[in-house]
Amino acid sequence: MADLKAKINLKTKGDEAYIPVKQLMVTLKWSTNVDLDLMAFYKTKDGRKGGIFTDQLGGSLGSLNDFPYIQHTGDEGVGEAGGDKQEVLRIAKLDDIAELYIVTLNYTDASRKLDSAFNKYDGGIVIMDDKGESFSVPLNSAEKGTAALIARIDNTSPMGPKLINENRIMSLDTFVSTVPAGDLLIK
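For what it's worth, my numbering labels the leading residue of the sequence shown as 1186, then goes sequentially.
Simulated from the structure, these hints should not be mistaken for laboratory data. Where hints are given, some of them may not hold.
[Stated by the list, open to error] DSS-like mimics (lysine-lysine), calculated; alpha carbons at most 30 angstroms apart, straight line: (1) K1347 - K1198; (2) K1305 - K1347; (3) K1196 - K1230; (4) K1234 - K1298; (5) K1198 - K1329.
Using the sequences and the accompanying hints, generate a full structural model.
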């Protein structure tokens, strides 16, 4: 089983917690025989949209030194081998970001045009801040699809960024039409 130990666990869809943001590390962990791909899509406070995801899917791995100050460390799980796997996003700052969508694509099933329940992949995300505080969101929806909006960071409140468990499973078409800049995945 993927280890999602964290100080704060947002177990249920809709659970939320305010998170400090100086630097964040988002880690998708899973252990089953599937190729999951971690992605981040964003909408800025001035309306721009974009995404950070593996270049193997046609995306950009991003940079911590340039906008949007998010970097993907690369693709894992290629070849669908079992064992402990993880993909990591590093976030240096969210100053200009209004909303950040943390998504995973089931590349294995998407490439075969199959829908699967994400709760069978024994995974989820852990978000750790620069002080070592951690928040987890298990990937536990039994709905079927090829993409999962695991969590969202809402950075529109004066109270600070809020992490929200979404666990919304969808088809690739629904993902592209509902997640800001989701269409970057099919270009």
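Verification of the supplied hints:
1. K1347 - K1198: Status holds; Cα separation ~14 angstroms.
2. K1305 - K1347: Between K1305 and K1347 the Cα gap is close to 27 angstroms, so the pair holds against 30 angstroms.
3. K1196 - K1230: Holds, at about 29 angstroms.
4. K1234 - K1298: holds, 27 angstroms
5. K1198 - K1329: holds, 16 angstroms
Consistency note: the structure conflicts with none of the earlier hints.
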